[in-house]
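Protein chains in written order, with this note's numbering: chain A, 1 to 182; chain B, 1001 to 1282.
Hints in this document: simulated from the structure, not taken from any laboratory. Ideal placement from N, C-alpha and C gives every residue a C-beta, glycine not left out. Heads up, some of the hints might be wrong.
[Said to hold, decoys possible] Reference excerpt, derived from the structure (chain A facing chain B, CB under 10 angstroms, subset only): (1) Ala17; (2) Val18; (3) Ala34; (4) Ser57; (5) Gln64; (6) Arg69; (7) Glu94; (8) Ser108; (9) Asn141; (10) Glu145; (11) Ser147; (12) Glu148; (13) Glu169; (14) Glu171; (15) Gly172.
[Unchecked claim] Restricting the straight-line Cα-Cα distance to at most 30 angstroms, the calculated cross-link-like pairs of lysine-lysine (BS3-like) are: (16) B:Lys1243 / B:Lys1260; (17) A:Lys14 / A:Lys2; (18) B:Lys1014 / B:Lys1071; (19) B:Lys1260 / B:Lys1221; (20) A:Lys123 / B:Lys1139; (21) B:Lys1139 / B:Lys1241; (22) B:Lys1241 / B:Lys1260; (23) A:Lys61 / B:Lys1014; (24) A:Lys14 / B:Lys1014; (25) B:Lys1125 / B:Lys1139; (26) A:Lys8 / B:Lys1014; (27) B:Lys1014 / A:Lys123; (28) B:Lys1221 / B:Lys1243.
Residue-level listing of the chains:
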Amino acid sequence: MKINLLPKEERPLKQSAVRPEFIIVLLGLLLLGAALYGAWQESLRMETLTTSIHTASLREKHLQAEAARVSHIRQELAVLEAREAVYRDLLTQEDESALALAPLVEHSFPNLWIEGLRWDVSKIELGGYTTDMTSVSRYLNYLNERSEEVNLRQSQLIEGTNFIVFRLEVEGVRAHGQSELD
Amino acid sequence: MANLSSIRERLSWKMLPFVVLYLAAALVFALWYLPARTRVRDLEGQLEQLASSEQMLMRVVEQIPQLEARKRQFEDDLQTAAVTIPSQYDLPGVLEGLRQLSEQHAVTLIALEHVPVQAEKGSAKGIIPLTMVVQGNEKVLSYLSDVRASLPSLRLTQVGLGYAGGNIFQLELEADLRVLMLDHDTSTRFEGVTLTGSDAVDVPVQAFGLPFELIAQYLGKHVQVLGIVNSASQRSALVSKDKQQHWLRVGDRLGEAVVKDITANAVVLDVDGVDIRLTIGG
């Protein structure tokens, strides 16, 4: 029988037993390692992000310059639009019906003569004379087909003659090439 | 109490390396890892913001081709329009162009007048009222049509058309020439009045008659058939006009009128297309 007289702390450990100091050191090292590794990883991530931000900033700067160009083009367009509005106003046609006078006087009714006509933007005044009132009536129908409204303003038999002087007013004359459906 | 005394017993210089090890781990965690992590969070936020700003800018920048195409289209359209719109400095050119157009259309420009340009202060637009009188044959409306086509900024305000006799029509025009008000005459792009060759418009001569005042001179008591003589070859008529007597045969003139026919009891006069039948005794 063997009696171990060494103090308990100094006695050799059993093969399966672990010294608590070893565990504490190992845990401490693991914690330190984990902290170092984590900090190193975050530093790496920080570097990557800084590079990305730098690149993105450069891209943004370039895009901002492009966006400034967009603003510049928009300003130019606004100027062009204003000029176009002036041009459009200068080129607005309101007198198309003045070019449709010929068809109005292109009649072939007998004994009916037109003295003259006066066009303005709203109406046409037409004067003439006839020896046959039927021709005036037919001419009124003819004008009605080519305008919105025709009014016989005056018809007067000239005393001692068979001549009748008449005045017509035509409104809403259709411009050249315009159909009734327009 | 027993535990405390046991810890106190255990604290010794031998424990110092363990304490330093744990302290080092805590310091690395607190002074390096945590600030780095916070900074990373900040940078991620910053990057996210940059990305969203970039996306927004990309959407704006994507419009460039479309906007530039629109700008080019505008510039082309305006360039096309600008050559047809005169400025206040182009008036002499416009007047000369109207004269040349009248020559090309073989119409006579009787009058061409204008008043000074009317424009509001600072306005880009102005108006020059024009008055024109032209005479020509049945093609006179073609001139009007061509004037309008050559000068799209000309707005007609009044058109008068009358028959002057002898296949001649008189056209009276009042129009506003709308002009660009420019600071310098060099800024104009107007290319002048050119013949556009628009569709020919014919005025039917047979539909028109002389003013009734002229016709009335052959009516009523102004002209009377006093008698008709039948000879072997042809008939003659004794006609009184304004107290003067004339022997007339077919084809003879009586002022503006031409004797068209003489029947047993009437004389037919042709006053530029208007037939007037005068019977013996009125």
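Requested in this report: Of all the hints given earlier, name the ones this structure violates by number, lowest first.
Outcome: 1, 2, 9, 10, 11, 12, 13, 14, 15, 18, 21, 23, 25 and 27
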